[in-house]
Amino acid sequence: MNHRGSRTLSKVPAVTLGFWIIKIAATTLGETGGDAVTMTLNLGYLIGTAIFAAILVLAVGAQLRAKRFHPFLYWAVVVATTTVGTTLADFVDRSLGVGYLGGSLMLFALVLISLGAWYRTCGSVSVNTIASPKVELFYWSTILFSQTLGTALGDWLADDGGLGYEGGALVFAGGLLLVLLAFYLTKVSRTLLFWAAFILTRPLGATVGDLLDKPHASGGLEFGRFTASAVLLTFMVACILLLPQRAGEHPAATERD
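FYI, in the numbering used here the residues of the sequence shown are 15 to 271.
Calculated directly from the structure, the hints in this document are not laboratory data. Cβ coordinates follow ideal geometry from the N, Cα and C atoms, glycine included. Take the hints with a grain of salt, since some may be wrong.
Straight-line distance between alpha carbons at most 25 Å, and here's what the computed SDA-like set of lysine to any residue pairs gives [what the hints assert, rightly or not]:
| id | residue 1 | residue 2 |
| --- | --- | --- |
| 1 | Lys25 | Ala80 |
| 2 | Lys25 | Arg82 |
| 3 | Lys25 | Gly175 |
Label-pair ranges, simulated between beta-carbon atoms [as the list claims (entries may be wrong)]:
| id | residue 1 | residue 2 | range |
| --- | --- | --- | --- |
| 4 | Met120 | Ala244 | 31 to 39 Å |
| 5 | Thr200 | Leu256 | 15 to 23 Å |
| 6 | Ile61 | Val202 | 38 to 46 Å |
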């Protein structure tokens, strides 16, 4: 029988330093990879979004069917969410003319709605409670909205805010530092701090990605989108192989005799 207080392994990774390093690399790869397809290959934001959305559906389906945590599968889904987020945000902000600020506000509202629906349905939005496909779907929906928000927010601060890619990256890095300090120095909800950090890593990755691949005239380093994506992918794979990757834990979902 299951004992009260017993714990079982999750299909998402434990939140460690390695988790955040890979997360930032994944969000940066999403920016350069998304731009490579929509801009360098000139397929446009709508077609790019359709391509990456199809990949995301397949990846999420595989993740939901998996019986245990698979590092490469998990991070493939994260990269899929961030590439879709990149192309979708650009489509909404630029092609539909919503603008960076309008897109950021709309997507932030969607993140809050997703978290609210998750909490109302399941009673918690902690990653330590991901023990069923229903909760996992809320988890991935929230991640998708946060990844899309990050692209719009990064562009708004870097372009409309006039800070440039370096300035924008510094602002979001500073925000992450504040979250880190709050983690160690305050008793603020760890769940709240997790989602704050998760959201902030996306615009950080977006601005760093733009810094790497945008032309010199636009304030970038002009490494080339495919080159930058290949380097980031190699770095990610190395981190997954070398950094500790273990499944997180959650309280047993049921406690029956």
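So, going through the hints one by one against the coordinates:
no., hint, in the structure
1, Lys25 with Ala80, "8 Å, holds"
2, Lys25 with Arg82, "5 Å, holds"
3, Lys25 with Gly175, "39 Å, violated"
4, Met120 with Ala244: 31 to 39 Å, "33 Å, holds"
5, Thr200 with Leu256: 15 to 23 Å, "32 Å, violated"
6, Ile61 with Val202: 38 to 46 Å, "42 Å, holds"
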